[in-house]
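Engineer: Chain residues, written in single-letter form:
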Amino acid sequence: MLEIKNLYKRYGKFLAVNNLSLSIAEGEIFGFVGPNGAGKTTTMKIVAGLLKASGGQVLINGINVISHPGKLREKIGYMPDFFGVYDNLKVDEYMDFYAGMYKIPYKDRPAIIDNLLEIVDLSHKRDAYVDSLSRGMKQRLCLARSLIHDPDILILDEPASGLDPRARIEMKEILKQLRTLGKTIIISSHILPELAELCTSIGIIENGQMVACGKVNEIMQQLTHKRIIKIRLLDKMEELIRILQEQPDIHNIFEKTDEVEFEFDGDDIRLSQLLKQIMEKDVLLTAFHEKEGNLEDIFMKITKGGE
Amino acid sequence: MMINPVLRRELKTKLRSWKAPVLLMVYLIILTGFGGLVLLLTLYTSYDNSFNPQDTLTVYGLLAGCQMGLIILLVPALTAGTISGERERQTLDLLKVTKISSFSIIMGKLLASISQIMLMVLASIPVFSIIFIFGGVSLKNIALLFLYYIVISITLGSVGIFCSTYFRKTTVATVVTYLFILIFCFGSLIVYAIVQEFVYYIFSYSDGLTYFQSVLLIGGNPFLGFLSVIENQLGTDTLYYFLNAHNNPLNINIKLWQFNLVFNCLVSVLMIFLSVLKIRR
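If you read the sequences in order, they're chains P and E.
Going by the working numbering, the residue at position 182 of the first sequence is 182; the numbering climbs one at a time, nothing skipped.
Going by the working numbering, the residue at position 255 of the second sequence is 562; the numbering climbs one at a time, nothing skipped.
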């Protein structure tokens, strides 16, 4: 569906995007992760046709959109990280304006606008002035705007930035709904757990380069060769630490008040033997489990060079 | 047929705001006040306290000049923030990702600003109609004057939009537009005076620049263009001497206002073209 090949963007001597390549299949939700200034927004702007690439290709269904920008605009809906609204314009007029900008015939507009306002739960606000809406509502309205021409690909740059928890949840629910509509979505966010829940695959970018790209689980497996085990206990902390230190396949033991975390090289049989050994020493456990890796861990590992 | 959505939205939001009627009101108060004052002065300063209908032409000329001055002052203020304002409001990118062309965006913005000026000019017709009471000015004269207003508004507006496209901040764009217009209006006069003096100095006993050379050098000046339109109607001949019209060996018949209209149209096309190039994706 969308393929980026050897993309470069240079600002003078500064290389904002450096030989970036990725491929996103139809219907995927691709999470774009990276620290501030990594090149996420620049890449998204190039894909949206707002910036010219210094080199490389952006292909949608095999067509290079850099040389055919007209085709690109029909296929892509873009929501920037920061945007403004117009004064003295009502919600339905705002939508109608953008429908006009996408050359949608007058007769088709009311139905499209009704449908989109319903999706983003703003039907009750259609006669309100856009500058009077809350931040969350403006974000939702901008999302509806980006869908006005029924694009195949949605590019959402930090759609949840600056939103309170409730508004973030509402935005997440809308994105889940869009996934069911079969849209291919590229989303960047700093709220990583939310991305992990939403995305089918992720790309981690740092200093303009893609440092990891693929399914969340695949990247996890590549990065974490060791399992992290977490034990919570009521007493005999010293006894437990001593047992753990005796094991050849246990490393990096982290002790907290009533918890212990450590890296474990062994298999499931070794893990059950370890549990048995602890129980035999009458250590009162309340929890013994393998810690699930998450996107934040991956992000921290990769962007710190795998520390 | 689909109306340019940028024009449609701009007109809607502009006219919904309180600024539009207030601006129109202030504009008409200034114009009416000035017209009334000139008319009263004409009435009470005559030799025998009588009213000479011929004086209405003077009132007409001054009123038209006042309107011209207001247009020169207002158009940059209305256009210099059009594109930079979108950039500051962070809405320009949202326009640029749509299917509409950069040309349509620029034209939508320009036409919206010009429409507001045209609304003011049209609203001033009743003020001008005072002149009709006394006669002396034909409808054709008024039509030509208003055509000149439209063309000069488009030219100044396209300069404003050009600056708005090239400068990120509205304040900078506005200042540069006024500077540009200042140079356009007064700079060309200074250059013309210097060149004229230079020619007299170099070629002693010469008649100075020819009429054609003068028109080429200063024909684009909006003040002189306006003066040419008015003088054509009032029958005065200040420009005849100013442009050395007696020195016309090639017997060129083109009037200054005709050259001026063509020149202004070309400037507008160039400014619009450069603005489109700048915001083109």
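Please note that the accuracy of each hint is not assured.
Calculated pairs, DMTMM-like style, for lysine to aspartate or glutamate (alpha carbon to alpha carbon, straight line, at most 25 Å) [said to hold, decoys possible]:
1) Lys585/E / Glu74/P
2) Lys71/P / Asp121/P
3) Lys403/E / Glu3/P
4) Lys176/P / Asp164/P
5) Lys406/E / Asp152/P
6) Lys183/P / Asp87/P
7) Lys183/P / Asp400/E
8) Lys319/E / Asp282/P
9) Lys321/E / Asp131/P
10) Lys406/E / Asp282/P
11) Lys138/P / Asp400/E
12) Lys326/E / Asp164/P
13) Lys256/P / Glu218/P
It is worth saying that the hints were derived from the structure and are not from the lab.
Engineer: All hints are to be evaluated individually against the structure, with a verdict given for each.
Structural biologist: Against the structure, the hints:
At roughly 22 Å between alpha-carbon atoms, Lys585/E and Glu74/P fall within 25 Å of each other, so this suggested pair holds. Proximity of Lys71/P to Asp121/P is assessed by CA-CA distance (about 30 Å); at most 25 Å being required, the pair is judged violated. Distance hint between Lys403/E and Glu3/P is fulfilled; the C-alpha atoms sit about 22 Å from each other, no more than 25 Å. Restraint check: the Cα-Cα separation between Lys176/P and Asp164/P comes to about 18 Å, which is no more than 25 Å; the hinted pair holds.
For the proposed pair Lys406/E and Asp152/P, the alpha carbon gap of about 15 Å is at most 25 Å, so the pair holds. Note on Lys183/P and Asp87/P: the hinted pairing is violated, with a Cα-Cα distance of about 31 Å set against a maximum of 25 Å. Between Lys183/P and Asp400/E the CA atoms are separated by roughly 22 Å; this keeps the pair inside 25 Å, and the hint holds. At most 25 Å may separate the alpha-carbon atoms for a hinted pair to count; Lys319/E and Asp282/P exceed this at roughly 78 Å.
The straight-line distance between the Cα atoms of Lys321/E and Asp131/P is roughly 15 Å, inside the 25 Å bound, and the hint therefore holds. A distance of roughly 72 Å separates the Cα atoms of Lys406/E and Asp282/P; the hinted pair therefore is violated under the 25 Å criterion. With a C-alpha separation of about 16 Å, the suggested pair Lys138/P and Asp400/E falls inside the 25 Å cut-off, and the hint holds. With a CA separation close to 35 Å, the supplied pair Lys326/E and Asp164/P exceeds the 25 Å bound.
Pair hint Lys256/P plus Glu218/P does not hold up; C-alpha atoms about 30 Å apart against a cutoff of 25 Å.
Going through the hint list in order, the structure does not satisfy hints 2, 6, 8, 10, 12 and 13.
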